[in-house]
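**Student:** Below, each chain spelled out in residue letters.
2 protein chains.
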Amino acid sequence: MTYCVAARVNEGLVFLSDSRTNAGIDQISTFRKATVFEREGDRFITLLSAGNLSISQSVREILQSHSIEDEQTGEPLTLWTATSMYDVARVLGSAVRELHQRDGQALREQGVDFNVSMLLGGQIGTEDPRLFQIYSAGNFIEAAPETTYFQIGEAKYGKPVLDRILSSDTSLEEATKCLLVSMDSTLKSNLSVGLPLDLVVYRTGQLGQAHILCLDEDNAYFKYLHNSWGPKLRAAFDAIDNPVWSLESSAEHPIARTQSRFSPLKKVTQSAGSTAP
Amino acid sequence: MTYCVAARVNEGLVFLSDSRTNAGIDQISTFRKATVFEREGDRFITLLSAGNLSISQSVREILQSHSIEDEQTGEPLTLWTATSMYDVARVLGSAVRELHQRDGQALREQGVDFNVSMLLGGQIGTEDPRLFQIYSAGNFIEAAPETTYFQIGEAKYGKPVLDRILSSDTSLEEATKCLLVSMDSTLKSNLSVGLPLDLVVYRTGQLGQAHILCLDEDNAYFKYLHNSWGPKLRAAFDAIDNPVWSLESSAEHPIARTQSRFSPLKKVTQSAGSTAP
Numbered sequence: 001m002t003y004c005v006a007a008r009v010n011e012g013l014v015f016l017s018d019s020r021t022n023a024g025i026d027q028i029s030t031f032r033k034a035t036v037f038e039r040e041g042d043r044f045i046t047l048l049s050a051g052n053l054s055i056s057q058s059v060r061e062i063l064q065s066h067s068i069e070d071e072q073t074g075e076p077l078t079l080w081t082a083t084s085m086y087d088v089a090r091v092l093g094s095a096v097r098e099l100h101q102r103d104g105q106a107l108r109e110q111g112v113d114f115n116v117s118m119l120l121g122g123q124i125g126t127e128d129p130r131l132f133q134i135y136s137a138g139n140f141i142e143a144a145p146e147t148t149y150f151q152i153g154e155a156k157y158g159k160p161v162l163d164r165i166l167s168s169d170t171s172l173e174e175a176t177k178c179l180l181v182s183m184d185s186t187l188k189s190n191l192s193v194g195l196p197l198d199l200v201v202y203r204t205g206q207l208g209q210a211h212i213l214c215l216d217e218d219n220a221y222f223k224y225l226h227n228s229w230g231p232k233l234r235a236a237f238d239a240i241d242n243p244v245w246s247l248e249s250s251a252e253h254p255i256a257r258t259q260s261r262f263s264p265l266k267k268v269t270q271s272a273g274s275t276a277p
Numbered sequence: 001m002t003y004c005v006a007a008r009v010n011e012g013l014v015f016l017s018d019s020r021t022n023a024g025i026d027q028i029s030t031f032r033k034a035t036v037f038e039r040e041g042d043r044f045i046t047l048l049s050a051g052n053l054s055i056s057q058s059v060r061e062i063l064q065s066h067s068i069e070d071e072q073t074g075e076p077l078t079l080w081t082a083t084s085m086y087d088v089a090r091v092l093g094s095a096v097r098e099l100h101q102r103d104g105q106a107l108r109e110q111g112v113d114f115n116v117s118m119l120l121g122g123q124i125g126t127e128d129p130r131l132f133q134i135y136s137a138g139n140f141i142e143a144a145p146e147t148t149y150f151q152i153g154e155a156k157y158g159k160p161v162l163d164r165i166l167s168s169d170t171s172l173e174e175a176t177k178c179l180l181v182s183m184d185s186t187l188k189s190n191l192s193v194g195l196p197l198d199l200v201v202y203r204t205g206q207l208g209q210a211h212i213l214c215l216d217e218d219n220a221y222f223k224y225l226h227n228s229w230g231p232k233l234r235a236a237f238d239a240i241d242n243p244v245w246s247l248e249s250s251a252e253h254p255i256a257r258t259q260s261r262f263s264p265l266k267k268v269t270q271s272a273g274s275t276a277p
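Quick mapping for you: the protein sequence lines, in order, are chains A and B.
For the first sequence, position 117 matches number 117 in the numbering used here, and the numbering has no gaps at all.
For the second sequence, position 74 matches number 74 in the numbering used here, and the numbering has no gaps at all.
Bear in mind the hints are in silico, worked out from the structure with no lab data behind them.
Check each hint, because a few of them may be wrong.
Identical copies look the same in the list; a pair holds intra-copy or inter-copy alike.
Claimed, not checked - Straight-line Cα separation of at most 25 Å, SDA-like style, residue types lysine to any residue; simulated pairs:
#1 K223 <-> R261
#2 K267 <-> T204
#3 K266 <-> I62
#4 K223 <-> R164
#5 K188 <-> G230
#6 K266 <-> S54
#7 K188 <-> I212
Put together the whole structure using the sequences plus the hints.
**Tutor:** Structure below.
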């Protein structure tokens, strides 16, 4: 598996991907899952991919020369000529479909799903930055103010912290920190996700000049975050009172004081003296 | 789906289950997933179940009268006559297999997996408390000092906090709090897990007298925990420095200072003046 996450906040876009690829548990490799497409002053686009590696690699290759027809002008539309990120998402979706036409049947015959999912985000010209998630069928959805992030791959471990922290108002620095914490939790709980991490942080309107970093186990900030988060989470946990069983307790919120409106748990008993069965 | 989690610490056993069952997203019901078997002074056993509801309900029903042959005495061994939790796990595994014989083929013909997983823990006589996870094939594994907890159902969201907090030395109260935090994170991120919760807290050696509570949205302690954890997690998050991009920064751990040993991210560029494609 893999884990990729991207967020769109008012200040810009943040992309983070791990680099572990595995086929079974004894064939583990490092493959980078992020690609940046840039024409300075005009467009800045980042693509993250998960799923079958042969599919995601080929889609990325096809994408670079792939075109669809512009419905208004009849001209070919590519990732470099599209005037909106929506059209870039369409070009990418079409590239996925082209590969499906080429490889889908042969994969099916071998019992392999045509499984790929991608996160695509960026900015073109004066349009606001946009973020999309593209599925295996080449269809896609877009992030919105109420849903500011997308995840692909091993998404569940790192979801709670995103749900609690991220909103459109989150600063670019905080969003970066939040994605790194989400990744750190995933790294801790799932072996199929591994370092190094690729991080792309893009500030709205810059059309280039993004922070593009590869974080390995020696990165000063990631080491600091990794070493801080565990103890701080522990301290937050310790700051919550333990449950108090006694009803007579003077504790503020004893766990047993409230009578539940549900029936008691099913309990099957035998008296102490009974013989069985 | 559902979420059940159980922990074995030195002081005893803690079991926690939600009560949501869904078939698709528009058929949601409340079914309790915990059962307690008790003969005071002799044995205290708790069973949590996940998977296909028709299977887990039937297994629980079968279990109550099911027996296997004791290899040494030839006598029938039931949940009430077994002298070790290991043998109770064998009786439960055998009950799963009996149901598989009865329903497995018919389910397969309808394209339904024989899918059930259970957590079984308790204490019999002077034996130490033990905790088992039982699979669909009736086979099982046991928790050990290095791996003190088992989860079934929607396990991923709530795993990071267990990995960071739980060990054999964790007190019974702290373990209870930890399982509740794990459940709270899961409730927040996955709609297929829902209140009320069934909580069973058993102290080693008591052979009865466990705390058996049903926690709904009005429970004073769960409300307190739910309302505290979000803000405390947020405060822990805020206490970690944001990343600093600048290399010249006086910050202790700027994210860009360390040179990664990996190659820079793949970047496809076009010069500003180029025409496409």
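**Student:** Hint compliance check: list the failing hint numbers for this structure, sorted ascending.
**Tutor:** none
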